[in-house]
Amino acid sequence: MQPFHYSRPVSLAETIVSGTQKHSRNAEATATFLAGGTTLIDLMKLDVMRPSHVVDLNSSAREFSAIRFDGSTLRLGAFAKMATVADHPDVISHFPVIAQSLSLAASAQLRNMATLGGNLLQRTRCAYFRDPSWAACNKRSPGSGCAAIGGVNRQHAVLGTSKHCIATYHGDFAQALMALDAAIMLIGPDGARSMPFASLHLQPGNTPHLETSLRPGEIITEILVPDGPWTRRSRYVKVRDRQSYEFAVASVAVALALEGSMVTDVRIALGGLATTPWRAVDAEDLLRGRRLNEASATEAARTAFAGAVAQAHNAFKISVGQSAIVRALLETAAMEAHRG
Amino acid sequence: MTDTRDICTSPSTPRRRFLIGSALTGAAPLIARSEPVAAAEPADTSDLRKPTSVDIHVNGRPFHLELDTRLTLLDALREEIGLTGAKKGCDHGQCGACTVLIDGRRELSCLTLAVSAQGRDVVTIEGLDGGGGDLHPMKQAFIDHDAFQCGYCTPGQILSAVSCVREGHAGSPEEIREYMSGNICRCAAYPNIVAAISQASEQMGE
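Chains A and B, in that order, are what the protein sequence lines are.
Residue numbers for the first sequence follow this note's numbering, so the first one is 1180 and each next one is one higher.
Residue numbers for the second sequence follow this note's numbering, so the first one is 1000 and each next one is one higher.
Watch out, some of these pointers could steer you wrong.
What the hints assert, rightly or not - Sample of chain A residues with no beta-carbon within 10 Å of chain B, all distances over it, derived:
hint, residue
1, A1262
2, S1272
3, H1273
Unchecked claim - Within a straight-line C-alpha distance of at most 20 Å, the following computed EDC-like cross-link-like pairs (lysine to aspartate or glutamate) qualify:
hint, chain 1, residue 1, chain 2, residue 2
4, B, K1049, B, D1074
5, B, K1138, B, D1128
6, A, K1224, B, D1128
7, B, K1049, B, D1067
8, A, K1224, B, D1067
9, A, K1224, B, E1201
10, B, K1138, B, E1201
11, B, K1138, B, E1166
12, A, K1224, B, E1166
13, B, K1049, B, E1065
14, B, K1087, A, E1438
Honestly, the hints are just simulated from the structure, not real lab data.
Cβ atoms here follow ideal geometry from the backbone N, Cα and C, with glycine treated the same way.
Whenever a hint applies, use it, and build me the whole structure from the sequences.
If you want it as structure tokens, here you go:
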């Protein structure tokens, strides 16, 4: 691990100043924010991240850890721990897909440490990204190439890839937020702003090293999830190589509004399959206004992968992903969703 | 296994150096509430390897340490304080051998910077038992059920198990397996671990 300056500002104002000063003072200096640390410390040990300054947010951002539901909007503090949110009664009963996406992620210890905001910003698990002895990684070293294309790529993405990067976004919670049209609140050097969660992550395109639309020094402070007729009938299905404590081979977040078996609204987001949190919009469009059964769910699942690009070792993900969508839709339809 | 217990629990025989009480403040406080940030932080040209002061409570005792900022809590516990119960397995948050209780919750000491544990309460396997010489019910249950073979993962398993019970996630063998999945046992003592946790869960009355 490279040596670094450590600071722990006690106010958010100091944190913002601190984060931006580090950037402006020295072109070589890189400031990184520390929240739960479960991604950052890991990647610093691997020498993938080499910040010259670590600004610890745990004293200054504590105010952003509340969980509140007023009947129309769920407000999740970005510094709330994953475990706390997963076990929250309002989240479990009104937004089951959020609770499930969190409790099926990582391990109990990691969920006690990791914050919601940090979880959303977790880096890819691409083995080539995580191992600097591989020179070619456009995420780590822009322009160096991609060792995963033509390498061992069973874990890699089939949706949203480019010829420069096929690294998977592995998060689970993000898929629930995609499905539920969440928004995020940010604070930074230029003040506070909000954006749709769907705008946070950037597809790799020609610039795989640019992963989010956050501006330098910006921090996610809160996540807003609107209540809707689909939120209680929602579910997260995660298919993995082992039963627990594993990243998804394919995962599906589904939220469904039904009248009888007729789909009045549906939201589908996919994890473990794409380079970013991924909304299967075409599949949703195909289902709206139709009866949900195995045939229509299968048709929607095929549609979701119409643009998929498989690599040498990950073509199986397309059929696994399709099966996961069908299963998630049918299981969600079978839920006894109570009206809030 | 048991022959190291006395060394680990006795505060008078640390394996390595540690500093208690009065401050040796080689490094200035990094941030003072009343001071502007720029003045309170070391300049970019300062020696990055200069130690930083950290105060941590471990097993109810205060420790004042002067540490490299890169040191993890796990290394601080083992190398600086001399508590070798927490084990280094993968050192990347994947195996659970380093699990300790921080402010009452199970966390991974290998992914925690020691400097960021400033002011927090840490409980290691050495500090789990109350006074009086009785083993914690979870430790006794692990012995009763032979819930280990080599024992390397056991301190992490036991602390994680205590937390699993306190969190209310030990209601069934299936729930125990799910909520203990962050602790890997290469000897595969899992059936006995689940049995031990089921027993201790009743005895802990939580």
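We went through each hint and held it up to the structure:
Non-interface status of A/A1262 relative to chain B is broken: a Cβ of that chain comes within 10 Å, the nearest being about 8 Å off. Distance to chain B confirms A/S1272 as a non-interface residue, since its nearest Cβ pair spans about 17 Å, more than 10 Å. No beta-carbon of chain B comes within 10 Å of the beta-carbon of A/H1273; the shortest separation is about 20 Å. Restraint check for B/K1049 and B/D1074: satisfied, since their Cα atoms lie roughly 17 Å apart, inside the 20 Å limit.
A C-alpha spacing of about 9 Å is found between B/K1138 and B/D1128, which places the hinted pair at or below 20 Å, so the restraint holds. A distance of roughly 33 Å separates the Cα atoms of A/K1224 and B/D1128; the hinted pair therefore is violated under the 20 Å criterion. As the CA atoms of B/K1049 and B/D1067 are separated by approximately 7 Å, the hinted pair is consistent with the 20 Å bound. Proximity of A/K1224 to B/D1067 is assessed by CA-CA distance (about 14 Å); at most 20 Å being required, the pair is judged to hold.
Distance restraint check for A/K1224 and B/E1201: the Cα-Cα separation of roughly 40 Å exceeds the 20 Å cut-off, and the hinted pair is therefore not satisfied. Using a Cα cut-off of 20 Å, the hinted pair B/K1138 and B/E1201 holds, with the two alpha carbons roughly 14 Å apart. Distance hint between B/K1138 and B/E1166 is fulfilled; the C-alpha atoms sit about 18 Å from each other, no more than 20 Å. Among the hinted pairs, A/K1224 with B/E1166 is inconsistent with the structure: their alpha-carbon atoms are about 30 Å apart, more than 20 Å.
Of the supplied pair hints, the one linking B/K1049 and B/E1065 holds, its CA atoms being roughly 9 Å apart against a limit of 20 Å. Distance restraint check for B/K1087 and A/E1438: the Cα-Cα separation of roughly 54 Å exceeds the 20 Å cut-off, and the hinted pair is therefore not satisfied.
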